[in-house]
Amino acid sequence: MLQLKGISKKLGDFRLKSIILDVQENEYFIILGPTGTGKTVILELIAGMYKPDQGEIYYNKQRIDHLPPEQRKVGFVYQDYALFPHLSVKDNIMYGLRSRKIAKREAKTRFDEITANLKIGHLLGRVPATLSGGEQQRIAIARALITRPDILLLDEPLSALDPNTRGLFQQELRRLHEDMGTTTVHITHDFSEALALGDRIAVMQDGGIVQVGPAIDVFRQPKSLFVAGFVGAVNIFSGFCDNQKISIAPGLEIAAVCKKKGETSISIRPEDILISRETFISSARNSLEGEITEMICQGPLYRITLDCGVLLQSLVSFQSVAEMDLKKGDRVWATFKTTAVNVFY
Amino acid sequence: MVRTNHNRQNTVFSLLVIGFTIILAVFIFSAVGMVILRGLPGLSREILSPEIWSSIKLSLVTSLISTGCCVLYAVPVAYTLSHYSFRGKKMIGTLLSIPLALPPLVSGVALLLLFGTTSWGQALAAHGIKFVFTPLGIILAQFFVNVPYMVKISRTTFDSIDARLEFIARTLGSTRLQAFVSVTIPLSFHGFAAGALITWARALGEFGAVLMLVGATRGKTDILPISLYLNMSTGDLDMALTSATILIIISVVSLFVFEWLGENGASSNKNRI
Chain A
1 MLQLKGISKK LGDFRLKSII LDVQENEYFI ILGPTGTGKT VILELIAGMY KPDQGEIYYN
61 KQRIDHLPPE QRKVGFVYQD YALFPHLSVK DNIMYGLRSR KIAKREAKTR FDEITANLKI
121 GHLLGRVPAT LSGGEQQRIA IARALITRPD ILLLDEPLSA LDPNTRGLFQ QELRRLHEDM
181 GTTTVHITHD FSEALALGDR IAVMQDGGIV QVGPAIDVFR QPKSLFVAGF VGAVNIFSGF
241 CDNQKISIAP GLEIAAVCKK KGETSISIRP EDILISRETF ISSARNSLEG EITEMICQGP
301 LYRITLDCGV LLQSLVSFQS VAEMDLKKGD RVWATFKTTA VNVFY
Chain B
1001 MVRTNHNRQN TVFSLLVIGF TIILAVFIFS AVGMVILRGL PGLSREILSP EIWSSIKLSL
1061 VTSLISTGCC VLYAVPVAYT LSHYSFRGKK MIGTLLSIPL ALPPLVSGVA LLLLFGTTSW
1121 GQALAAHGIK FVFTPLGIIL AQFFVNVPYM VKISRTTFDS IDARLEFIAR TLGSTRLQAF
1181 VSVTIPLSFH GFAAGALITW ARALGEFGAV LMLVGATRGK TDILPISLYL NMSTGDLDMA
1241 LTSATILIII SVVSLFVFEW LGENGASSNK NRI
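These protein sequences, in sequence, are chains A and B. Quick note: the first sequence uses this note's numbering, first residue 1, plus one each step. Quick note: the second sequence uses this note's numbering, first residue 1001, plus one each step.
This is chain A alone, in the form it adopts within the complex (with noise of 0.2 Å):
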């Protein structure tokens, strides 16, 4: 549906390699990547704000890069929203229907289902420069929506406003997407907010994609230890790989399922650790023995840090921190599957 084949762009020093995208329509889409990865680039460039130095842009197999930006049917919302400041909220959502020359019939009923929509009726009748960040953010979405554009893009939306309304305005824009189904690209930093709303994830490194997928590989399977670090890996071990075994540490293998021979990275998500006092059987092949070197409280779980060699982290509920009176010290069992373990290539 949206395709960005080859995209490069090159604005001062900055350089945006050779960008391969495929976006799903009805899809809720993520970049992900540290600030300054050129993210805001790409979706100018879907937006026509640039021409790319090389590759080429398509929508529903028509090609749309040499397009100007008001033939591209795109909605765009900057992360500081960018309402027109001499505009009313009224006016600032009229805008795209007016510029469209949509009928005023159309154009009444589009609005009042907006406004009823992002509920927003009561500030109509301010300029942007009273209303706070999460009401222009409001505003910015139902200025971008009510034109019915194809595809929808989110420069950081949600970056802007503080972290309880953060929370509220992540739910809306799901819900948002539910309702409208609008084809949407979003782009952000954080990975918990893409964890959340992203039905695929592309992760940005350097000007350029490094790993796409449902968002819940992008978490569990890491292709690189940059995406582990990014999307805030821990038990991260680097190796020698031989026989489905790589060993971490002297006399410390790990088992996992490795295809490779030779140097390599693994991780190992903490909330796939088991915490036991005695060793068992089990098919898990992976058992190793450690002190509790640290517990810290996470709410309803523990995070424990084990020496077992190395440092390995796990997240332990509070009842089982609990049941087996696990304190600093105590030695205990880690076991884990092979599976747990992720491999980077």
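Because the hints were derived from the structure by calculation, they are not lab data. Glycine included, C-beta positions come from ideal geometry on N, C-alpha and C. Hints are supplied without guarantee of correctness; some may be wrong.
Claimed, not checked - List time: in silico DMTMM-like cross-link candidates among lysine to aspartate or glutamate, alpha-carbon distance up to 25 Å: (1) A/Lys-5 with A/Asp-22; (2) A/Lys-90 with B/Asp-1162; (3) A/Lys-51 with B/Asp-1159.
As the list claims (entries may be wrong) - DEER-style ranges, computed between Cβ atoms: (4) B/Ala-1025 with A/Pro-163: 48 to 54 Å; (5) A/Leu-67 with B/Pro-1076: 23 to 29 Å; (6) B/Phe-1256 with A/Arg-15: 48 to 54 Å; (7) A/Asp-91 with B/Tyr-1084: 27 to 33 Å; (8) A/Asp-91 with B/Asn-1010: 52 to 58 Å; (9) A/Lys-260 with B/Ser-1160: 54 to 60 Å; (10) B/Ser-1160 with A/Gly-232: 37 to 43 Å; (11) A/Ser-8 with B/Glu-1263: 41 to 47 Å; (12) A/Pro-163 with B/Glu-1263: 35 to 41 Å; (13) B/Ile-1098 with A/Asn-26: 54 to 60 Å; (14) B/Val-1106 with A/Phe-14: 43 to 49 Å; (15) B/Ala-1125 with A/Asp-91: 47 to 53 Å; (16) A/Pro-163 with B/Asn-1010: 44 to 50 Å; (17) B/Thr-1175 with A/Asp-91: 16 to 22 Å.
Fit chain B to the supplied structure of chain A, relying on the hints for placement.
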């Protein structure tokens, strides 16, 4: 002991810089005040004299037309310089500012040569478009000297407006022109108004370029500054002071309005998202 010494040094320094400021303010105020003081008593009497009255009319008409031309011409030029990037843009920007750096007399000579001696200028004159020694020349001289100011002010105004606003307008279906008219122009209004005002005040006072191009002919090209010059050279101090007073009043009022527009523009920019 050392501390006291420092304190004294600091006080002396403060007094010194503040003293400079006060002296300059007093100097300017007394020079300008002197003209107004001497000119005001005669103002009500002389302002209705046919000579001054026709000068005022000629000044107003030529300066208003030249200001209008400056605005109409400078806005697209400033927009080009602010929004488009192309090779040699910096060069063109500098080139367009040349009249700012030139002594107005030289600008006048340049215009006189271009329109008085070239075949192109003569062709224009043959078709009735005469700039040399005519009121039309006054407008041209004022335009030439002032249009770079208007370009500069408009460009600063355009630069201060977030370019993404026009881009957003275009994603919402506007063409370049529609986005310009519906977004950029309204947001630039304060800047344009301030620019036009200062351009107009400068046009009213323009002397050197006008003198070179159209000469100083009583009853034909005697705008207020020329009239002032003619009256001074014939020793008619009262008439001269009247022109000077009118010019001062217009300048000072324009300056205050300009500052006010600037502040209001700035505060509305501050509210901008």
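Which of the listed hints are not met by the structure? Result: no hint breaks.
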